[in-house]
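**Student:** Spelled out, the chains give:
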Amino acid sequence: MNIILLSAIVMVVLAGILGAILSFAYSKLKVEEDPRKEQLLNLLPGVNCGACGSASCADFADKLIKGEADISKCRISLRDENKVTKIKDLLKE
Amino acid sequence: MVKELILVFIATVLVNNFVLKYFLGICPFLGVSDKLSSAISMGFATTFVMTITAPVAWLINNYILVKFNLPFLQYVCFIIVIASLVQFVEMVIKKFFPLLHQSMGIYLPLITTNCAILFMTLQLVLKDYSLIKSMVFGFGAGVGFTLAITIMASIREELKFQDVPESLKGPGITLIIAGILALIFVGLGGLIQVK
Amino acid sequence: MKQSFKMIFSLCLIALISAVILAKVYMITQPAIIANEKKATENAIYKVVNTATSYKESKSGQTDIFKCYDENNKFCGLAFVAEGVGYQDLIKVMVGVSTDFNKILAIEVIENSETPGLGNKIVTPWFENQFQNLSLQNKITVVKVAPSKDSEIQAITGATISSQAVVDIINNKIEELKGYK
Amino acid sequence: MQRTNILFSDFIKGLWQQNPTFRLLIGMCPTLAVTSQVQNGLAMGLATAFTLLASSIIISIFRNFIPREVRIPSYIVIIATFVTIVSLFLKANFPEVSKDLGPYVPLIIVNCLILGRQEAFASKNPVYRAIADALGMGIGFTLSLMVLASVREVLGMGTLLGHQVIFGNFRPWVIMLTPPGAFLTLGLLLGLVNIIDKAVKARKEKK
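Residue numbers (the numbering used here), protein chains in the order written: chain G, 15 to 107; chain H, 7 to 201; chain D, -5 to 175; chain U, 1391 to 1597.
In short, the hints are calculated from the structure, not lab data.
Each residue gets a CB set at the ideal place from its N, CA and C atoms; glycine is no exception.
Treat the hints with caution; some may be incorrect.
Derived list of chain G stretches under chain H, where covered just means 3 residues or more per stretch with a C-beta under 8 Å from a C-beta of chain H [stated by the list, open to error]:
| id | segment |
| --- | --- |
| 1 | 20 to 26 |
| 2 | 31 to 43 |
| 3 | 99 to 106 |
Each computed DSS-like pair below joins lysine-lysine, with the alpha-carbon atoms no more than 27 Å apart [as the list claims (entries may be wrong)]:
| id | chain 1 | residue 1 | chain 2 | residue 2 |
| --- | --- | --- | --- | --- |
| 4 | D | K68 | D | K167 |
| 5 | G | K102 | U | K1403 |
| 6 | D | K41 | D | K172 |
| 7 | D | K18 | D | K41 |
| 8 | H | K175 | U | K1489 |
| 9 | H | K139 | U | K1594 |
| 10 | D | K138 | D | K32 |
| 11 | U | K1594 | H | K175 |
| 12 | U | K1403 | D | K167 |
| 13 | H | K73 | D | K32 |
| 14 | H | K73 | G | K87 |
| 15 | U | K1588 | H | K175 |
| 16 | U | K1489 | D | K18 |
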């Protein structure tokens, strides 16, 4: 079978299965959380590179809310001054 | 057979250490290793994750890529499955095991952007290990990562009380210490000759 | 329900586009990649069997053996790749032997990742030329001092493991191909 | 006029104030691994810059169509596609460079620099800003790789881009080509960058 068709089928099937699993998980496994964490997660890069000392952005957001960590430790979002100020106001509330 | 597995394990932990010889997982290595407790839990989580990713990668490679002879899809297939599985497993653990999520689950998203894990999956395909050997290789890679990160964390905790030159504070001195550690691990080279 | 459909659809669309693009690029670059590999092996073959101008591939068990012919198409030697683990990682050696399999014409280390400055000295002409016209009657051995017998070679100072590894790799492959005629 | 100086500031940021290797300290794995020769450092830098630029353009064009929940897997697939294209291109046209870079080419996919840029910048700004930012970061990354690679190659082999640079009986520092050398050189370079930065700030205050 022509290689383009074969690779297209393999990838679409794979993406379909994974997409279905993810969408099922999003609808069924919703866990209620502190609303601020949701907003924080949208502001943080979400790259989970671990450079801030905590393992993932979600973990870093928890620490930010508890006040254990400081936004300056997240090196990627340092680039964006207005984002940093937005995060700081969010935490002040 | 078991002898071979032990050799592969020791070679991956000591001789071909993922952090100090192949420069992998440097972002978490620099970032997280200033506290021993978080270093250890990150090490265990990474080891756990590597041990389950290795067989998954082996299955994808043998039953999809090799069977349909599509070598060029290797990177895309591995990374899409790893990224999606990670998101799914993390949600499952967050929903059903909140306690486990607190200690280990938070490290799961780390897998998608961790060089060590992708490198490990590509190496076990390149060296075309069997399923069992791939798992031992993944487990050894994780233990090697944990070893390097815990040694570094304990040194850095001592470092807080030493006077480090102003400009080297933080990542600078960590890299220099990592250089000395790498020098020690070079001494272990040639300990075991295994493919 | 609409949200989950949108998720699956976008993931599949991206996967589809990427698969088609990759297949196309793979088909375009594949001939060039195969040509590169072929040229690399060819250069090595002509280096170890220097009188050869053409070669024919044949198999013995797992290994490919290249039968070499010189300009007036006379069978002038055999070449094959021997590989094994050295001090650090894999070492690949292209070995050229005489037609009657009892003398090494020359060798060339085509791939190694030994320690820079020490182990990777196995690639230097000084080390590789020692193997020229080495007799294969008995096993090749490594000595620290100047070689006396005609099946001995001198190890590189400070890299005995790598030198020994190259010799072992060649010995094992010669042993394996003993039956081939 | 106002638009061009935003673009210019986006571009310049990547070169110095927010240089990925020396200031943001992200994307360290390839930086340490392939910089034993300037040629490899340059190839890795350009490959990363191309992937960053290409995926920034695509992601910033489709930023509104990709649903929030599957954004990380989708971005990673786009980046992985471009990395595979680069890897096939290198194998076809520059076989020796591709062999030298070896297993580190696919690691561009999980390079925190690229995914970090997509998430933090490209997925929230229009295309022309994403291009300027990607160019700035890409070139900044390539330059820092070449600085590190030239230090290691000159000391480790006495050559620069293959040509003999140091003459006389100079015994090359073989350690520079091994992993410890990479860690030590980068650590000291970071210290140097901090010293230069402090000096520049001090002079600015004096003005």
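**Student:** Determine for every hint whether it applies to the structure shown.
**Tutor:** Structure-based check of each hint:
Residues of the segment 20 to 26 of chain G with a Cβ under 8 Å from some Cβ of chain H number 4, which satisfies the need for three, so the listed coverage holds. Interface restraint, the segment 31 to 43 of chain G with chain H: holds (7 residues with C-beta to C-beta distance below 8 Å; minimum three). Coverage of the segment 99 to 106 of chain G by chain H is violated in this model, with 0 residues showing a Cβ closer than 8 Å to a Cβ of that chain against a need of three. The suggested pairing of K68 (chain D) with K167 (chain D) holds, with an alpha-carbon distance near 25 Å, which does not exceed 27 Å.
Distance hint between K102 (chain G) and K1403 (chain U) is fulfilled; the C-alpha atoms sit about 23 Å from each other, no more than 27 Å. Distance check on the hinted pair: K41 (chain D) and K172 (chain D) sit about 23 Å apart at the alpha-carbon level, within 27 Å; holds. Distance restraint check for K18 (chain D) and K41 (chain D): the Cα-Cα separation of roughly 36 Å exceeds the 27 Å cut-off, and the hinted pair is therefore not satisfied. At roughly 36 Å between alpha-carbon atoms, K175 (chain H) and K1489 (chain U) are farther apart than 27 Å, so this suggested pair is violated.
At roughly 59 Å between alpha-carbon atoms, K139 (chain H) and K1594 (chain U) are farther apart than 27 Å, so this suggested pair is violated. Among the hinted pairs, K138 (chain D) with K32 (chain D) is inconsistent with the structure: their alpha-carbon atoms are about 37 Å apart, more than 27 Å. For the given pair, K1594 (chain U) sits about 23 Å from K175 (chain H) by alpha-carbon distance, which is consistent with the 27 Å threshold. Between the alpha carbons of K1403 (chain U) and K167 (chain D) the distance comes to roughly 57 Å, so the proposed pair goes past 27 Å and is violated.
Taken as a hint, the K73 (chain H) and K32 (chain D) pair is honoured in the structure, with Cα atoms around 25 Å apart against an allowance of 27 Å. Taken as a hint, the K73 (chain H) and K87 (chain G) pair is broken in the structure, with Cα atoms around 46 Å apart against an allowance of 27 Å. For the hint pairing K1588 (chain U) with K175 (chain H), the CA-to-CA distance comes to about 13 Å; that is within 27 Å, so the pair holds. For the hint pairing K1489 (chain U) with K18 (chain D), the CA-to-CA distance comes to about 23 Å; that is within 27 Å, so the pair holds.
Checked against the numbered hints listed earlier, the structure breaks hints 3, 7, 8, 9, 10, 12 and 14; every other hint is satisfied.
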